[in-house]
Amino acid sequence: MHPIERLRLVARADGLEAGTVALEAADALRALADEPRALVTACRRLLDAHPDCGPLWWVSAHVLASSAPGEVAGLLVDLLVGDETADELASCLPSGAVVVAVPGPVVDRSLSGRPDVELRYVEEPFALQHARRIGAVRGATRWLIDEAAAAIEGAGLVLVEASAGGPDGVLVDRWAARLAAGAARAGAAIWAVAPIGAILPAALFSECAGRCGVALPGVVPRRAAGSFTTEGLAYGAPEEGERRLELLGAEMLGAVVTAEGPGDPEDTLGESECPVPLELVDRPR
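Numbering (the working numbering), first residue to last: -12 to 272.
Calculated directly from the structure, the hints in this document are not laboratory data.
Computed from a predicted structure; not experimentally measured.
Some hints could be false.
Pair ranges (Cβ atoms, derived) [what the hints assert, rightly or not]: (1) PRO23 with ALA171: 42 to 48 angstroms; (2) ASP251 with SER54: 30 to 36 angstroms; (3) ARG(-1) with ALA202: 25 to 31 angstroms; (4) VAL268 with ASP133: 37 to 43 angstroms.
Note that the Cβ used here is the ideal one computed from N, Cα and C, for glycine as well.
Could you put together the complete structure from these sequences and hints?
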């Protein structure tokens, strides 16, 4: 398949987990390593299509900042395939813990190997996709978002999966944000789960949040650009009022779990070594 066609499929993909989007993008971008201008265009278009995907920002930034983008893209593929975040999360949960979470791929993989942990999934009404996913975690119980307070009662830990993270906090699904708000009121610990590539430096996190319509402290979010077509790739920006993400400040979190295990939120969210290429942040408004 031609790399442009493959990138178009990645851009149009809906419902894939962030790690899969980033992995497919990195593998496809590797084929464009000898075409610097095409690389810039492809990365920008992918991010316009998936502005909420922290690992995709991470992949794009590393590829564009490198003098050997093909080699770097290959290394990123290996890192994404070998992401151990789910294993680290599974290993740090105490035996017999009662855990509440919104369904998500990392939590699913992690808790499916911990039958000794009681898992309570909280989800929006009629979430058929999430309901199907619950079947992968034996013994998980299902609660609707309006029942979050009851689900949290007696639980020691609430898990939220981060789409992206940075010094200000993490971007999470709006249902996870509601669950976290309930956990804060109940005094339950909140851990953010950040797969590889999800934690970004301040400049990229601000750009990511802004394109998703999420306000960071002291920053006014801007609306995403409208639909356009370039090099045969058609993309559509999210419709106005369709914001799916919310910001959880670092102060709300008890820990951030990465492939390195659980860490202090302020330290972990402020430690990204991802480069910040101007091609991704210095664009005409």
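We went through each hint and held it up to the structure:
no. : hint                                    : result
1   : PRO23 with ALA171: 42 to 48 angstroms   : 46 angstroms, holds
2   : ASP251 with SER54: 30 to 36 angstroms   : 34 angstroms, holds
3   : ARG(-1) with ALA202: 25 to 31 angstroms : 28 angstroms, holds
4   : VAL268 with ASP133: 37 to 43 angstroms  : 40 angstroms, holds
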